[in-house]
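Engineer: Can you make the complete structure from the sequences, with help from the hints?
Residue-level listing of the chains:
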Amino acid sequence: MAELSVSYDNRIVKNFAVATMLWGIVGMLVGVVIAFQLVEPSLNLGNPYTTYGRIRPLHTNAVIFAFVGNAIFMGIYYSLQRLCKTRMFSDLLSNIHFWGWQLIIVAAALTLPLGITTSKEYAELEWPIDIAITLIWVVFGINMIGTILKRNEKHMYVAIWFYIATLVTVAVLHIVNSFEIPVNLFKSYSMYAGVQDALVQWWYGHNAVAFFLTTPYLGLMYYFLPKLADRPVYSYRLSIIHFWSLIFLYIWAGPHHLLYSALPDWAQSLGVVFSIMLIAPSWGGMINGLLTLRGVWDKVREDSRLKFLVVAITSYGMATFEGPMHSLKNVNALSHFTDWIPAHVHVGTLGWNGFLTFAMLYYLIPKLFNTKLYSEKLANFHFWIGTIGIVFWVMAMYWAGVTQGLMWKQFTPDGYLMYPNFLDTVTQIIPMYIIRGIGGVLYLVGALVMVYNLIMTMAGKKLVANENVIVQVAEKHEENPKVGYGHRVLERKPVLFTVLTTVAILIGGAVEFFPAFLVKSNIPTISSVKPYSPLELTGRDVYIKEGCNSCHSQLVRPFRSETERYGEYSKAGEFVYDHPFLWGSKRTGPDLHRVGSKYPSGSGRAWHYKHMVDPRSMSPGSLMPPYPWLVESDAKWSVTPNKIRVMRNLGVPYPENYEHQALADMKVQADGIVADLALSGIKAKPESEMVALIAYLQRLGTDIQTKKETAQR
Amino acid sequence: MEIIAFLMGVSLLVAGFFLYAFIKSVKSGQYEDDYTPSVRMLFEDQAEETNP
Amino acid sequence: MAAYSDAPSKVAASSCFHCGNQFSYQPIVSTLFKDKVFCCTGCKSVYELLEEKGLCQYYDLNNNQGQSFSEMRSDLRFGFLDEPAIAKSLLSFDSAEQAVLSFHLPQMHCSACIYLLENFHRLVEGVLAARVDFPRRQLRLDFDPRILSVRKIVETLTAIGYEPQLNMAVNQKKAVDKESRHMLYRIGIAGFCFGNLMLLGFPEYLAEDGLNSPMIERAISILNVLLIVPVVTYVSKDYYISALAGLKQKILNIDVPISLGILALFFQSLYETLSATGSGYYDSLGGLLFFLMLGKYLQRKTFNRLSFEHDYRSFFPLASIKIVNGKEESINITQLVPGDYVLVRNEEIVPADAVLVSDKTLMDYSFVTGESHPVEKFRGDILFAGGKVIGGAVEAEVLKPASQSYLTQLWNDEAFKKLVDQPYQNITDRISKVFTPLVLALAIGGFAFWSISSLPLAIRVLVSVLIIACPCALALSAPFTYSTMMHRLGLQHLYLKNPDVIDRLTRIDTVVLDKTGTLTQTDLQTIDSSKLFLSDEDKELVKSACRNSTHPLSKLLYQYLPGNGSKKVDLFDEIKGRGILAIIDGQEVTIGSRTFVMEGLPQSGNPGLTAVYIAINNEVRGYVSFTNAWRSGLEEAASLLAARYRVVILSGDNDSEAPRLRQMFGTNTVMYFNQSPSDKLQKIQELQAQGRRVLMVGDGLNDAGALKKAEVGMAVAEDSSQFSPASDAILEGAKVPFLPVLLQYATNSRKILRNNLMMSLGYNAVGLSFALSGSLSPLVSAIMMPLSTITVVSLAVGQAHYRASRLDASMLKRKK
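Residue numbers (this note's numbering), protein chains in the order written: chain A, 1 to 713; chain B, 1001 to 1052; chain C, 2001 to 2816.
I should point out that these hints are in silico values taken from the structure, not numbers from a laboratory.
Be aware that one or more of the hints could be misleading.
Covered stretches of chain A, going by a simulated chain B footprint (3 or more residues, C-beta under 8 Å) [said to hold, decoys possible]:
{"id": "1", "stretch": "202 to 209"}
{"id": "2", "stretch": "585 to 595"}
Listing some non-contacts, in silico: residues in chain C with all C-beta distances to chain A over 10 Å [said to hold, decoys possible]:
{"id": "3", "residue": "P2106"}
{"id": "4", "residue": "S2111"}
{"id": "5", "residue": "E2118"}
{"id": "6", "residue": "R2122"}
{"id": "7", "residue": "A2129"}
{"id": "8", "residue": "Y2234"}
{"id": "9", "residue": "Q2249"}
{"id": "10", "residue": "F2447"}
{"id": "11", "residue": "S2451"}
{"id": "12", "residue": "D2536"}
Don't be surprised by glycine CBs; every beta carbon is placed ideally from N, CA and C.
Structural biologist: Encoded structure:
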């Protein structure tokens, strides 16, 4: 029979669409909240669960994995069915995928505020959730490959390639970066330590951006842009080249996140080189996208969805140009750790991901309900307010980033730091933080308007749950397998294709592990570096739990401006026992790697205590949230022996059976601290998290004797 | 040690795979029609006469 | 939509809903859809077909324009497809319940065409699947032979305006271009190895203080070697082969130094790795071969998809109708044997030389001899294969098999076959003739000199000289320049078979032009009535007389004369081959050939012209002459050509146009008229014998021999998709007047090439000085080589585009 009747599953698309809207609002809302927390600490509401350090990860996870994630699935489930001219492989899997993913999101929303986190950026979720993610991802994979295998269209449109790349890479990234050993149900330690962990983490971190926020969206662009503009993509050939070069190069770009870090030089430079090379394919994609619109600019004027796309693609271009720029060592020297980075990231997320998602929603919802959009006016309003929001947000942060970066590096003519007090560089940019917040609000308002608009569109309409169409069956016969439709051999073999992609990624990742795995040859081990004492280890976990690393780095870079401010620059060998590493990626507060030697063990402890309870009492004007609950909360010493055991398994040289000795040692060290605090008239509980945290802070960076004591404030 | 061996294995594996894929695809005239599909995807599917 | 935009729009009365063409006559109105009007029943039926099948998205995609419909000709035309043998010969796959068939449909031109054709299965019951390959204008159909016949498919396709090209060439299965495929393999392998070698190279370059890990270094070097092996063996193979071949013939071609360079580089690197004295040049070597392959591929790949390899088979029909004791049956024309009776219908081509059996017919030999006027043939006359029958169907008795007919023998006789693929020595070879011995001499000289002091140093010098002097840049600039120019020429509607043609064009010193169809426009006639003296009512008489005649010239005359020619004709007699005699209002009007009109009258006037004489009441009123219209802007072109080249004109026509031509081309232009195909071929050979390098420009089959024989054969076609004889280049008719400028593109590319060669030689000179002084550091050569390669290539492409756009501009100026 020439024709085949096929029924597309629209309900699953609708479900993902609704989830996208819901989580989008939630994620953006949290974003706005934490934005203003950086202006007014009292907005942390004085309880652990709404404190910046804990809900900042909530924001990133919500927007990346909940908002963008659901949007990706929405787009893929819609376009894949139509490109393959068949229904999804299995409705059951589709639904497992949908509900499973929402469950994971809920789990994240619960655990993160509770301080259950691995501290690895964009991978904060603890091991049980990691496993759940893996399982659901496999379900998604089976469903997708299954659909491709049973397709009724011989050719695999380029978008599908991007989808497959996403599927495979994200799987590999997630698994490799999640190698961790559980201590208990809610706690685990990363398998890698220090530099290795950092490398793996940023290989992941960068590629999470590449393969979760970029490749799938490029695929979606290659589907929805032509559909909306009603003209074929400018150059199909280019899009194919685009795909291959992108997927091959992206993998290598990780280490540029670690410039001037303790990572071996050449590994850093390798990252740089590839980041630069990335401009070519990225812009190839952007140009291909924009040129597709040539000749329909008149359409763009009236169709708000096309407007969204234009801004989205342009943002993609800007972000992918800026990224490589940041990887240039001298730019990075200034921009790293500052607000410039969030600015760069948000061009991508707000512009590229956000706007493309909005365009898809405005296209899909009316289509799924076989009706017109409720109000084109509102959509237009959404576009403009959203765009203004982005401009506010980004401009403010560029300004803040550059300002602060320069202030950090500013020296007086006679060679002293111009702004030795870190706070000066913070108060300077608070106005920018306010503007950023406003930008966020505008963007959020736009999103809310869209949700209203789409709800009104759906209201009273019936979902076309199953769209029945008649498709042409693919030819069964090749007149000559060697000639003719071969074009598609690679594409027609998704399995082979998947394998190839995997291997491409592996080789990329693998070469980066050259330095890290060969610990011996790369990390000069320092004899004086010793494992953390049980109490310090416990304190370190408090540090992780409260998400201190969201605002404080632990990596002094080899610049005079930093050694002057913080002390001796960080050596790779100092981190060999750090499971996980805590270098951080942003300095909203000062670096803490040498904080241990900053305050004398005696009175210093009191300083830390007071500072934790009420930061502003010690450093007026500080933006740091107060942590009064640390005084009371119990550090759960009982778990520590187990932690010691795990650490030993990971290669940290604790003596055999030390775990039995651990508690005693903790007692001793804790009592010492309590005694010191008592001198300053502070009564502290030895088992309190506060004591443990102080122990950790005072240990930080003290293993190697720094040449000169850093000047007191 | 074994890491390097592993890496060599991987890279050579990739080399093999890519060459295999590439040659195979060329042999089968992969790069023949690199235009029509981009137009084909624009065509709306023929809706089936929905009989209630 | 270009196909339509330049279509001559007639009086805008109404425009066809289907094809958008404007027409002035009574429109056909759809019976089903009253509001739509159509230019012809065909367009109507396609619309109704689409409408009924709900395919009207077609019109949205196509801004209301469909493929214009050619009035459904007699289904008989495709009768031969009922012949199982013939039908089968078209199928590429065949089974009881499914058959596969591919057609070339030059008419498809836009996304709407793709849409319509890929929905063919919805138009025709029995089609299982329809797939379009747009770049190749190919339609692939899977159909159910039990329900649907090949004939039905072809007829429907024709009905909706996509008449498939059916000719003898169709079932000659296209052989896959093995060579360019192998090139792709090589590019892939070279590219892959290059890529990875580069990655493995980076750490080396980046780590100032070494990788401080011997393990990694060892790993990298092993991988390097593994990756370079396929490059120096499989990828470079061709260079060695051609170098050896050259040496066998005692020629030092460009590939000798290249091969030596590659090997030198390889062994040097190998030595450095094994002796741990350096990191070798693996990435440079990989990159070098990658670029070389890319260049070669570009040079080979014809960017356009026209076929330059036509022979008579693509012109002759697939089948013809044989008459066996009164019954018609289709037969593949290769099976025609002398003595067969064939039936040739209106507009069909005579498949083989044959004797006319029917009383008379009109033969159109325009495509064969260039003679633009149909000639009348009578019983017993010989009809030459390739001629087109005009008027009713005729019977003829085959004299020779198709393959030995007057024209086709051209392709079949051995002498002609030899002409194919004459080896032309291209510019790079010419240069390397000088360059190579020099390099070798230097290398050996350097070796000799240094070997006195120290042998290892001498070896190093030898190697480095070969490496640095490796003329890769030299080998690359030609392909890149030519390919670019070729692309630009394509944009100007001059399509080249391959970039080498440019190189040959640069060395042309003689331009041979065919007249009819090349210098003139076949489709446009000018009528000269300066020798005709008629009063208005006389004109009315003549027009009325012509009205009744079917002879093409009378028709032309009828259209030409004013008035409406509505006078009643009392007596009309058409004497075949001579003219017409009519009595109108008691006046006797004689129209026709000189001899017929002037019987018994004093002879005078120019006999050569295609002229129609007119007498009224036996009083000659003069004659009108018909001539082909010259292409516009020809004068300027002519003078430019004559100024730069020796111009020769070969015409199959009579010499009536000689004065006009002389006036345009000047006195030192040689002209030959009444040239048979073999004469033309002869003339070219003579010219070449005089050591001239000839560009032949012509259209008809009768030029085919000459086109092949000339250094460059340029076939003129009214539009590039239409059939044209085998050639090195295809030029669109309208562009003939721009020939002088187009030839400048070629001469320009030569200039570009010279610059680049200078440049790369410069590089080599610098490099050599380092090398010979024995102080060539690996770094220098590592930088020099890719640098020179890249700069040369980018310069070549850049300049080519720059100069091309300047010429484009100058052409635009001329248009004004």
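Engineer: Evaluate each hint against the coordinates.
Structural biologist: Status of the hints after comparison with the structure:
Interface restraint, the stretch 202 to 209 of chain A with chain B: violated (0 residues with C-beta to C-beta distance below 8 Å; minimum three). Counting residues of the stretch 585 to 595 of chain A whose C-beta sits closer than 8 Å to any C-beta of chain B gives 0, which falls short of three, so the coverage hint is violated. Consistency note on C:P2106: stated as away from chain A, and its beta-carbon is indeed over 10 Å from all of that chain's, at 20 Å minimum. Annotated as non-interface, C:S2111 brings its C-beta within 10 Å of a C-beta of chain A; the closest such distance is 7 Å.
With a cut of 10 Å on Cβ distances, C:E2118 falls inside the contact zone with chain A, its closest approach being about 8 Å. The Cβ of C:R2122 does not lie farther than 10 Å from every Cβ of chain A; its closest approach is about 8 Å, which violates its non-interface assignment. A cut-off of 10 Å between C-beta atoms contradicts the statement that C:A2129 is not in contact with chain A; the least separation is 5 Å. With a cut of 10 Å on Cβ distances, C:Y2234 stays outside the contact zone with chain A, its closest approach being about 20 Å.
Listed as outside the interface, C:Q2249 is consistent with that label: its C-beta sits roughly 35 Å from the nearest C-beta of chain A, beyond the 10 Å cut-off. For C:F2447, the requirement that its beta carbon stay farther than 10 Å from each beta carbon of chain A is met, with the minimum near 37 Å. Every CB of chain A lies more than 10 Å from the CB of C:S2451, the least distance being 39 Å, so the non-interface label holds. Distance check for C:D2536 against chain A: the nearest CB is about 55 Å away, which clears 10 Å, and the non-interface claim stands.
The structure shown violates the earlier hints numbered 1, 2, 4, 5, 6, 7.
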